[in-house]
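Visitor: Sequence:
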Amino acid sequence: MFRHAKAQFAASGMRDFDRPLEPRGLDDARAMGATLSEQNLLPEKVICSTGLRARQTWEAAQTKLPAVDTEWTDALYNADAAGYLQLVHQAQAASSLMLVGHNPMMEDLALALAQPNDPKADDMRRSGFPTAGLAILEFEGTLEGIETGKGRVVHFLKPQGR
1 MFRHAKAQFA ASGMRDFDRP LEPRGLDDAR AMGATLSEQN LLPEKVICST GLRARQTWEA
61 AQTKLPAVDT EWTDALYNAD AAGYLQLVHQ AQAASSLMLV GHNPMMEDLA LALAQPNDPK
121 ADDMRRSGFP TAGLAILEFE GTLEGIETGK GRVVHFLKPQ GR
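Residues in the sequence shown are numbered consecutively from 1, following my numbering.
No wet-lab data here; the hints were simulated from the structure.
Once the Cα atoms are required to be at most 25 Å apart in a straight line, the calculated DSS-like pairs of lysine-lysine come out as: (1) Lys64 x Lys6; (2) Lys6 x Lys120; (3) Lys64 x Lys45; (4) Lys158 x Lys6; (5) Lys45 x Lys6; (6) Lys64 x Lys158; (7) Lys120 x Lys150; (8) Lys45 x Lys120; (9) Lys45 x Lys150; (10) Lys158 x Lys45; (11) Lys158 x Lys120.
Let's have the full structure, built from the sequences with the hints guiding it.
Guide: This is the structure:
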């Protein structure tokens, strides 16, 4: 689960959906892409919000990665954490999946999916889920079988200095 990077505040008359990334956000997204590449943490498929800041986050991160099958959806802009989980359950033919979306849904879903007493989930609870933060969880079985409280947080990656 990859939260979009730092976005600009909405200018007068700008829709929240159209908020672009700040320069720092672009740098953080590229750095997270490099980290994913260096640590060989490559998803088989990505489902990304169509909100501009999420799209720019994934596009910037992907400059450091090999091509990944990417699906763009408004659902990650509009849905709550339960809606995010429904998208995971519906993902087709992927053994690993990345969602690129928004808070509080990313944090809510990551914490709901994590096993009780998971130390990395506790770190996430304490520090919050920063912009350009990324949580990688492992589960037994298939995507459609993922249940709350059953995931193990393998990595909780934050942009440098946060």
